[in-house]
Structures are given as structure tokens and as C-alpha cells.
Amino acid sequence: MKTRPNPIHRLRRSCTALALATSSALAIGMLPATVSADETCVSPYSPKITGQEQFVHVWTLGVKGIGDEQDKLVTIDTDPESDTFGEVIHSLSVGGRNEAHHSGYSDDRRYLWAGTLDTNKIFIFDVHTDPSKPKLHKVIDDFVKVTGGVVGPHSFFALPGRIMISALSNNKDHGGRTAMVEYTNEGEYVETYWMPTDDNLRGAEKTGKYADGYGYDVRFLPAKNIMVTSSFTGWSNYMMDFGKMLNDPEAMKRFGNTAMVWDLHKRKPLKIFDIPGAPLEIRCAWGSNYCFTTTALTSKIWLIYEDKNEGWTAREVGTIGDPSKVPLPVAFSITADDSYLWINTFMDGTTRRFDVSDPFNAKLVSEHKIGSQVNMVSQSWDGERLYFTSSLLGNWDKKGEADEQFLKMYNWDGEDLNLVFEVDFYKEKLGRAHLMTFNSNELFETNIAGKKEELGDGVAVAESTD
Amino acid sequence: MYPSIARFPKALVFVFGCALGAMPAAGAEEAAKVPAKTKEPVKGAIDRPQVLAPGYTALSFDPPDAGTYSLPPIAPAPDGRVLKTDGSEASLHDAFGDKYVVLSFIYSTCDDVNGCPLATYVLYRLYQTMQKNPELAENMRLLSLSFDPQNDTPEVMRLYAENFAGKGADWLFLTTESNDVLAPILADYGQGVNRVYNEEGESTGQISHVLRVFLIDPERRIRNIYSVSFLHPDLVLADVRTLMQEAAAGGYQAAAAKSKPPLRTRELMAQASHTPLGLPPLEAPEGQEITAARVDLGRKLFFDRRLSGNETLSCAMCHIPEQGFTNNTMSRAVGMEGQSLRRNTASLYNLAWQDPLYVDGRERHLHTLTWSELLDLKRMGNRSVGVVLDKLRGLPDYEDLFEDAFDGQSADMVTTGVAMATYLRTLVSGTSPFDRWRFGGEEGAMSPAAARGYELFTGRAGCASCHEVSEDHALFTDNQLHNTGIGWHHSMGKEPRRQVMELGGGIRIEMDMDALAGTEERSYNDLGLYEATQDPVDRWKFRTPGLRNVAETAPYMHDGSLPTLEAVVEFYDQGGFEHPEQDERIRPLGLSDADKADLVAFLKALTGDNLRLLEADAEAAPVGVPAGEGS
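For the protein sequence lines, the chains are H and U, in the order given. The opening position of the first sequence corresponds to residue 1 in my numbering, with each subsequent residue numbered one higher. The opening position of the second sequence corresponds to residue 1 in my numbering, with each subsequent residue numbered one higher.
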């Protein structure tokens with residue numbers, strides 16, 4: 001593939017307008033709404049940016065010896081018409097190295113919830129008052145206490161007026177048994193739903209050998225009233241040095257081997273499937289009711305779908321790499337037309353494009369080297385722009401010179417990924433770049449002319465930039 | 001061939017102008033693709049047929065049976081000042097009455113069919129159902145509140161309401177005096193709205209908003225929030241009926257917080273003063289008498305995560321009571337911010353008789369060991385004594401605890417250390433099958449295999465030369481440090497190029513270790529006692545561990561490198577890792593398979609009879625975790 005930076009003018013100027021699609025109601029003029037778009041992995045209950053994203057927020061881990069050494073939300077200008085295109089325009093430090101990890105928007109995208117896996121703090125950022133300058137709105141620092149011992153808040157996925165949080169661990173032994181937790185948009189605790197285990201299946205059907213009670217990601221299929229979850233490992237492993245863990249047979253026994261479907265409305269687990277080797281991220285099709293997951297240790301692609309005869313089930317549908325080489329599939333992204341997956345493998349710093357137009361037969365199409373290591377991938381709704389970041393976990397990232405920390409933005413021309421810009425997170429003294437979310441002023445301002453009106457706290461209509 | 005997947009488009013949104021209440025024709029509609037500014041097609045937008053939101057059609061799944069689930073209260077439903085259609089003012093709460101309320105924010109000129117019209121359509125369907133069902137009609141109320149007071153005057157809302165006129169059910173249409181009155185209501189309900197202006201800066205009358213409809217119970221608590229994707233009359237009715245059943249059954253019962261079992265302080269003290277069979281008497285150092293107040297305080301410290309630098313770790317997060325006060329899930333421990341520690345977490349049973357402390361023997365007293373742990377930046381991660389003491393003196397739940405335990409003395413280095421040491425000393429464990437057999441005269445208490453194992457242990461296998469057994473008690477340690485070869489092998493042995501690894505689900509694979517290059521910070525090294533004395537003869541010497549409850553404390557050896565008791569016996573049978581500095585008592589033993597099995601049977605007979613007591617006491621311990629802002 002080509003890795004040379006392309007001049008910015010390669011970007012099509014004509015596509016800078018923003019369009020919003022949503023499965024939630026928006027007045028006309030705001031826009032349309034085709035399907036719920038894959039603007040990477042936004043909740044089906046949220047508006048989507050279907051045009052040009054203006055900003056990318058990067059939830060960044062502080063690193064000892066780098067800059068101010070603490071976790072921060074970094075905002076990068078991604079508007080090709082802006083003078084600061086491709087540059088860091090804002091950085092908001094939150095204090096401590098908390099193992100910053102994933103983040104997710106509230107259903108109206110006005111707030112970004114950013115979680116931490118070590119200290120269990122959740123930082124809620126106001127990203128609507130001025131998307132170019134997020135503000136820290138609230139810190140939840142009693143997560144373990146109010147949830148009854150849940151540790152490691154991981155995925156934040158919007159429900160109407162609420163956030164569903166999947167977690168990774170527990171307060172009792174820092175192992176993998178964990179729960180789903182629901183909060184209000186205002187940051188108030190609602191309920192804890194412990195994952196079913198052999199000791200207590202909580203009404204779920206165990207279809208295979210395992211009911212490990214582990215957790216990782218969460219997605220919704222509203223049309224089927226289904227919630228899908230996957231499984232990873234507890235604090236003891238995700239905080240452990242990666243090489244140390246791989247050499248520790250006891251630790252390697254403690255990975256999740258399950259995915260589950262839940263009754264979304266009732267919040268009750270329905271079926272537990274065996275998916276060996278830590279099924280991590282879940283990405284659901286936008287036009288159909290099935291989801292993919294990839295296994296970190298066994299390097300497989302699995303499909304979770306509703307079979308006419310078996311009902312909800314899971315099936316292996318592809319191979320990502322040779323597990324003896326530890327490719328370690330991590331984040332992946334599904335294209336908006338459900339035809340392709342971009343799957344990152346951390347250890348070889350490569351992204352792989354799989355054709356999943358037949359979801360039961362994932363076919364490798366091409367491979368593209370991104371860096372010495374790569375974790376997250378986010379793609380624009382039109383699939384023409386892809387963003388990659390480098391950090392997996394503070395103690396799993398590579399050591400020494402291989403520990404590159406970056407955000408790289410590429411254009412996809414159908415055959416090649418063409419590097420447009422790169423931000424070196426170490427040179428910029430920021431830290432480890434992890435989860436990316438897109439943002440745009442136009443999500444929050446529909447006033448075409450420069451009129452301003454205040455509707456009260458929290459519902460301000462921002463001034464137009466036009 | 002593969003099983004087919006039922007294709008089902010997700011909730012989609014039409015965009016076309018429709019008078020409120022007018023229902024679009026069913027069927028697909030080409031997606032509108034007009035970006036906000038340019039009115040040009042959205043590049044890359046996927047052409048898919050659109051359908052109406054589920055609320056207009058039959059549910060694509062079976063609605064839940066009422067009462068088979070619960071809806072935890074989400075938040076108190078906020079209040080505000082509203083205007084009725086006759087222009088009179090009321091509070092929103094008054095409008096709720098004592099009913100189950102379905103509250104929808106709308107505006108009369110909204111023409112997104114899957115926006116306000118959807119909400120109104122669903123409410124209309126509910127209205128029709130209520131009219132036919134006296135119980136629902138009596139208990140439910142529908143509220144449509146405008147978020148466009150400038151256009152939606154009470155008169156406009158009255159005319160609007162006439163579209164849905166009927167009898168026998170409650171449906172109120174409300175508005176507000178002004179945007180200023182409305183704003184706090186919208187903010188409180190989290191209903192962000194953006195008004196849409198034209199290029200001249202004039203309001204187009206259009207408002208963009210994320211659709212939310214609220215279900216509120218008679219106690220004015222929000223119990224569900226619906227959006228386009230699942231606002232459906234069948235779901236709302238199932239929820240209302242669920243809430244009505246809940247009320248009939250006495251109201252919402254939060255999952256009963258597991259009531260904590262009682263602390264077992266008295267039993268801990270009793271077993272410390274009259275030690276279990278097989279243990280010598282326990283003598284606390286002078287000035288460190290075991291009292292209930294000190295045990296309770298020490299236990300509280302042991303389980304308190306707030307005592308670590310980032311308030312994440314406690315002693316109990318590595319020394320896990322249910323896992324033999326060690327951690328069965330890893331060979332070497334993980335500390336502050338995941339830093340790698342070099343050794344297996346030590347079990348804490350019978351620490352009272354352990355001297356020196358730590359596997360390299362570098363510490364002598366439990367109360368000073370406490371501070372070694374608290375101040376170790378890789379372990380509890382506190383920067384100074386002052387940081388810890390300030391925290392202890394400032395935490396309200398520690399008020400008077402030190403003073404009560406130490407004759408008025410507050411938290412300081414000594415009282416903190418002694419409290420912790422006192423609790424640790426009570427973790428005694430004996431009266432195992434072996435003790436009953438050896439010291440209690442119960443011949444049948446231990447199996448014949450274990451008895452044969454004991455003969456080997458004290459005889460031909462030579463284990464007891466370090467793991468000592470006395471006439472009237474057994475601690476199974478000489479409290480000395482020896483070189484067994486484990487440490488030497490790690491420091492001096494060659495690393496394997498390939499290694500079998502478990503990948504989950506029982507899948508094992510031979511790994512190419514080159515693939516892991518660069519993943520570990522730095523290969524660790526551990527020279528044991530030498531690190532404390534700097535004397536070369538002390539290289540790779542580690543303290544003999546006691547063996548009580550050894551079946552509970554896998555993995556084994558100072559580095560957790562042996563996963564099972566069988567592996568440990570095998571290691572000694574092979575004579576360790578032969579090298580000049582290895583203790584001369586480590587030699588090939590020539591044990592048969594039966595001998596090895598007998599030795600393992602013996603080791604498994606060393607499990608004390610009080611482990612469940614110690615776990616129950618730990619279960620009852622208050623776990624100190626950050627309690628949030630302002631607490």
C-alpha cells in the first residue's frame with residue numbers, strides 16, 4: 001500500500017457539508033435520515049454524521065515521563081477546509097492515569113462519557129456547547145460503590161435518555177465476573193445487571209460449555225429487541241503487562257469464551273454462546289439484524305444472528321490470522337452498506353479489509369500496514385476516510401521504539417489507504433491515543449445565519465460559524 | 001448453503017411534509033439525501049428503502065408479558081409551570097395527577113413523520129385502548145407538551161387537541177407561557193432542541209430534537225424513556241401494566257442489597273487466644289495485645305481501597321480471602337497501575353509465627369511490613385507517610401476508631417501498623433485432617449494415602465528437613481532461606497523459543513515466542529536473600545513457606561511458576577535445577593508415581609477447618625471504596 005502523505009487537496013471539497021442521519025426524529029432541514037449510519041459505532045438511538053466530520057476527540061492515556069503524564073481528551077481538527085486541519089486544537093487533562101479506554105456519546109450526542117478501567121472513574125464531557133473545546137461536565141467517582149462492586153466500566157452505548165455500560169471486572173477478586181450497568185444521561189445510577197454464570201444463569205439458556213459471567217462490549221438491535229454482549233478478562237489481566245500475561249498459564253486461563261443475547265426491553269439474558277478466545281468488539285449490520293465479533297486470542301470472525309431453526313446463535317465465519325503468531329485482532333469497523341469489515345490486528349500493526357457481503361463467509365480482500373502497532377479504527381459514514389490510533393491498553397502496548405503512539409487519517413480510494421495526516425502523540429507530549437469519536441458543530445446548530453438564542457442551561461443554540 | 005437471515009430494516013425516518021396526525025401511506029420511500037447546508041445529495045449515502053418507525057406498525061417481536069420484568073426508577077420527573085388549553089396555569093406535577101403518565105414533547109407544526117407525529121400517533125393508539133379499558137382509563141393519563149410556546153398558544157393546542165377528541169380517557173395538551181418558562185423544563189428532562197433558522201436569520205418554525213417520550217409513575221418517577229426505535233403502543237402498555245402490577249404488589253423493590261453477614265471478630269479472637277489443633281500458642285508482641293477494636297480496625301484497613309495511591313487497590317485485592325488469601329489466577333502479582341511484581345502473592349495464614357517476613361526475609365515485623373506495603377510505589381503506591389495518615393484522619397468512617405483501639409491515640413505509623421498486624425495475626429488456621437490424625441489421636445482423620453505421604457514427607461523424601469514438624473505442633477517451615485533452584489533457573493536458564501499456550505475454550509497452541517518480542521517491559525530477575533544482604537552466598541535463597549492450606553494457594557513457589565501440587569512434587573523428585581549453589585538437600589528422590597500421589601494426598605490433608613469462617617469474616621468486612629463527590 002501507499003503510505004506517503006497525500007496533499008490535503010486530494011480531499012474533495014464538495015463533501016464538506018454535513019448531513020445527519022438518525023433513527024431518532026429530527027425535523028426536516030436537519031436531515032434525513034436514511035439508515036442509521038456506521039459512523040464507526042454510534043448507538044442506533046443517536047444522530048449520525050453522514051458528511052464530513054469536523055473534529056475527532058481522542059480519549060488519551062497519560063504516560064509517565066510524557067507531558068503532564070495524565071489522561072486527557074484530545075481534540076483534532078478534521079475539517080479539510082480549516083486552517084488547523086490535522087492539528088491538535090484542544091487538550092483537556094483530567095488528572096491521574098486511570099487507564100483511559102473507551103468512550104461513547106449520550107443519545108443526543110451532547111455529552112461524551114469516557115471511562116477508565118483502573119480507577120473506575122467516568123468523565124462526562126460537554127461536547128455540544130463548543131465541540132472544538134470539550135468541557136469537563138461531571139466526574140462519576142463512586143461507580144464501584146453504587147453498582148455494588150462492578151469494576152472496569154468499558155463500553156458506553158446510548159439508550160434513550162440513558163447509557164448502558166458494559167464492564168470488565170469486579171471488586172471482589174478483580175477477575176472477569178462482571179455486570180452491565182445503566183445510568184441516566186444526567187449521570188445518576190439506575191441499575192446493575194450481573195452477567196449470568198454457572199452458579200446463577202439468571203434465566204439464560206447456556207447453549208455451550210461456558211457461562212463465565214465475563215463482559216466486554218455491548219450493542220443493540222432495536223428492531224429485534226436484542227442486546228448483544230461479549231467477553232474479555234478482568235482487571236488482573238487487562239492491567240497486567242502483556243508479555244508477562246502471555247507467559248503466565250494461570251492468567252491465560254482467565255479469558256472470556258462467551259457472547260450473549262439479551263432481551264433488550266427486559267434487560268434479561270436470553271442465550272449464552274461459546275465463542276472461544278475472548279470475543280471483543282461487536283459491530284452490528286445497519287441494514288440487517290446480525291452482528292460480528294472477533295476473537296482476540298484465536299483470531300476468528302464470528303457472526304451472531306437469528307437462525308430460522310435455531311433462533312439466536314453464533315457461528316465462526318472467518319479467520320483473521322495465525323494465532324501462533326499472536327496477531328491479536330482488536331477493533332474493527334463495518335462499512336455502512338454492511339459489505340466490508342476493517343479489522344485491526346495489534347501485534348503486526350495491520351488493518352485487514354474483509355468482504356462480508358456474504359456474512360457467513362468473510363473473505364480477506366487486502367491488508368494495509370498502519371504502524372508498529374494499531375488498535376482502534378473509525379470510519380466516516382461514506383467509508384472514504386479512516387482514522388487509526390495506536391494504543392490498546394497501557395500495559396499491553398509495545399515497549400521501546402515499537403511503542404509508536406499516533407492518530408493517522410487516511411483516504412480510502414477503493415484500493416489503497418492514502419495517508420492524509422498523522423499526529424504523533426508522543427511528539428505532541430500527549431500520551432497513548434485510544435478511542436476516537438467524531439463530532440461536528442452542525443449536530444448542535446441548525447441556524448443558518450448568525451442568530452443566537454438561549455433556551456436555558458444545557459439547551460443553548462450556538463452561534464453559527466457561517 | 002447457509003441459514004438465511006431475516007432481513008429487517010431498522011427504524012428509518014421519512015422526510016416529507018404531513019399535516020399533524022395524517023398518516024403516510026405505508027410502504028417504502030426513497031431516502032431523502034439532503035445535507036443540512038448544501039441541499040445536495042449526501043455523498044456516499046446508502047440507498048435503502050425507508051419504512052415507518054415501528055410505532056406505526058405491528059411490533060417485529062413479541063411484546064413482553066406484563067409483570068415478567070421490572071422497570072427501575074430512572075429519575076424523579078421534574079416539575080414546571082404549564083398552560084392548559086383554556087389558558088389556565090398549572091404545575092406539570094398537577095397535570096400528572098396520581099396517574100401513570102405518558103409525556104410527549106411535541107410542536108404543532110412538526111412535519112417529520114417519525115418525530116412528533118409518531119409520538120402523537122402512538123399516544124392516539126394508547127388513547128383508543130384506554131377508551132376501551134376502564135382500568136387503564138382510570139389509571140393512565142396522556143400529556144402532550146409543546147416545546148414551541150411562541151406558535152403553540154393554548155388556543156392552538158386546543159384546536160390541535162380537537163383532532164383527538166373523544167371520551168372516556170385522559171389526554172391533556174399543554175404549552176407554556178414562553179421559552180423562558182419552557183427552558184428549565186426541557187433542560188430538566190434532558191430534551192435538547194435546536195431551532196432552525198433560515199439564511200436571513202429568521203426562525204423557520206422548525207425545531208430539531210431527539211424524540212423522547214417519558215413514562216412516569218404515580219410517584220412521579222420516570223420509569224421508561226422511549227425513542228423512535230421502540231416507541232410502540234404495545235410496549236408502553238406492557239410497561240404500564242407492569243407498573244400497575246408492581247404497585248399492587250407493594251411498589252418497586254430494588255434488588256435487595258445483599259445484607260452483610262455479621263463480622264466474626266469474637267471467633268477470630270478466640271482462635272488467636274486458643275489456637276487450633278496443630279499450632280503453637282500465639283503470643284502477640286508486647287504492646288500489641290489482640291483486642292476486638294484493633295482486629296476490626298485492622299480488617300477495615302486491609303479491605304480499604306482508599307488506602308492506595310489511586311484509591312484502587314487494597315491489601316485484599318491481591319490477598320483474596322476466597323483464594324487462600326493469595327491470588328490463584330496469576331503466577332506473579334500485579335500492582336499499582338498494573339506494574340509487574342516479581343513474586344507470587346504470599347498467602348497470609350499463620351503469619352503470626354513467620355519470621356523473617358517476605359520470601360527474601362527482608363522484613364521482621366508485621367507492623368513495619370504494613371508500611372513497606374503502603375509506601376511501595378509498585379504496590380499500594382502512596383507517596384508518603386503523611387499522605388496516608390492525612391487520609392485516615394480525614395475519612396469520616398475512621399472517626400474515633402484509632403482512639404478507641406489505642407487508648408486515645410490517633411492514626412499514626414505505630415497505631416496503623418499495629419492495627420493491621422493484629423488483624424493479620426488472627427488469620428490462624430489449623431485442625432486439619434493431618435492435625436486431628438497426628439496431634440488429636442483420630443486415626444481415621446487422614447486417609448491411608450495421606451498417612452503414607454506423611455511417612456515420605458518426614459522420611460525418604462526429606463521434605464520435613466525444611467518444612468518442619470514438631471512433637472506437639474507443626475508450622476511446616478524452619479523459617480530459613482534456601483536455594484531450591486527455582487530462582488537460579490529463572491535467572492540463568494535459557495528461555496524457550498516455543499511454548500504451549502492456552503487461548504481459551506480449551507484451545508492450546510504452540511506459540512512462536514519471537515512473536516512476543518517487545519511485549520514485556522524487561523525480563524524480570526529475582527536474586528532472593530542476596531538483594532537484602534548483598535552476599536553472593538545468598539543468591540536465589542528464598543524463605544521456606546509454611547504448608548498449611550497449601551491446596552488452596554496455587555500457583556506455587558516464590559514466583560508462582562508451578563501450577564499444581566503434582567508439579568511441585570515432580571520438581572523436587574527431579575532434584576530441582578542442579579547447580580553449585582543449590583541446597584544440598586535438593587536431590588533426585590526416585591519417587592514412584594504412587595509415592596508422588598501419596599505426597600500430594602498428604603499435602604491436601606493440611607487444609608484447616610476454619611477457612612469458611614475466615615472467608616465469612618472477610619465477606620462481612622466493610623470495603624472502603626471512593627464514595628463520590630461530596631462524601
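For the record, the hints were derived by calculation from the structure and aren't laboratory data. Careful: at least some of the hints might be erroneous.
[To be verified] Below are the DMTMM-like pairs computed for lysine to aspartate or glutamate, each with C-alpha atoms no more than 20 Å apart in a straight line: (1) H/Lys308 x U/Asp62; (2) H/Lys172 x U/Glu552; (3) H/Lys253 x U/Glu510; (4) H/Lys253 x U/Asp62.
[Stated by the list, open to error] If we take Cβ atoms under 10 Å as the criterion, some of the chain U residues that face chain H in the derived model are: (5) Pro134; (6) Arg212; (7) Trp353; (8) Ser384; (9) Gly506.
[To be verified] From the structure, some residues in chain U lie toward chain H, with a derived Cβ separation under 10 Å: (10) Leu59; (11) Val210; (12) Tyr226; (13) Arg498; (14) Asp512; (15) Met513; (16) Tyr524; (17) Asn525; (18) Leu527; (19) Glu531; (20) Thr533.
In this text, a Cβ means the ideal position worked out from N, Cα and C, and glycines have one as well.
Results of checking the hints against the structure:
A threshold of 20 Å between alpha carbons decides the hint, and for H/Lys308 with U/Asp62 the separation of about 16 Å falls inside it, so the pair holds. At most 20 Å may separate the alpha-carbon atoms for a hinted pair to count; H/Lys172 and U/Glu552 meet this at roughly 17 Å. Pair hint H/Lys253 plus U/Glu510 holds up; C-alpha atoms about 15 Å apart against a cutoff of 20 Å. For the suggested pair H/Lys253 and U/Asp62, the alpha carbons sit about 39 Å apart, so the restraint of at most 20 Å is broken.
Checking U/Pro134 against chain H by beta carbon gives a least distance of about 27 Å; that is not within 10 Å, so the hint is violated. A cut of 10 Å between beta carbons decides the hint on U/Arg212: the least distance to chain H is about 6 Å, and the hint holds. Of the supplied interface hints, the one on U/Trp353 is violated, with its beta-carbon coming no nearer than about 27 Å to a beta-carbon of chain H, more than 10 Å. Taking 10 Å as the C-beta contact cut-off toward chain H, the hint placing U/Ser384 at the interface is violated, the least distance being around 17 Å.
Hint status for U/Gly506: holds, given a least beta-carbon distance of 7 Å to chain H, under 10 Å. About 8 Å separates the beta-carbon of U/Leu59 from the nearest beta-carbon of chain H, less than 10 Å, and the hint is met. Look at U/Val210: its Cβ gets to within about 4 Å of chain H, closer than 10 Å, so that hint holds up. Taking 10 Å as the C-beta cut-off, the interface hint given for U/Tyr226 holds, the closest approach to chain H being about 6 Å.
Because the closest C-beta pair between U/Arg498 and chain H is about 9 Å apart, less than 10 Å, the hint holds. A least Cβ separation of about 6 Å between U/Asp512 and chain H falls short of the 10 Å threshold, and the interface hint therefore holds. Interface restraint check for U/Met513: the shortest CB-CB distance to chain H comes to about 9 Å, inside 10 Å, so the restraint holds. Because the closest C-beta pair between U/Tyr524 and chain H is about 8 Å apart, less than 10 Å, the hint holds.
Given the 10 Å rule on beta carbons, the hint for U/Asn525 is violated: about 13 Å separates it from the nearest Cβ of chain H. About 19 Å separates the beta-carbon of U/Leu527 from the nearest beta-carbon of chain H, more than 10 Å, and the hint is not met. About 20 Å separates the beta-carbon of U/Glu531 from the nearest beta-carbon of chain H, more than 10 Å, and the hint is not met. Using the Cβ-Cβ criterion of 10 Å, the hint placing U/Thr533 at the interface with chain H is not satisfied: the shortest such distance is roughly 27 Å.
In summary, the numbered hints that this structure violates are 4, 5, 7, 8, 17, 18, 19, 20.
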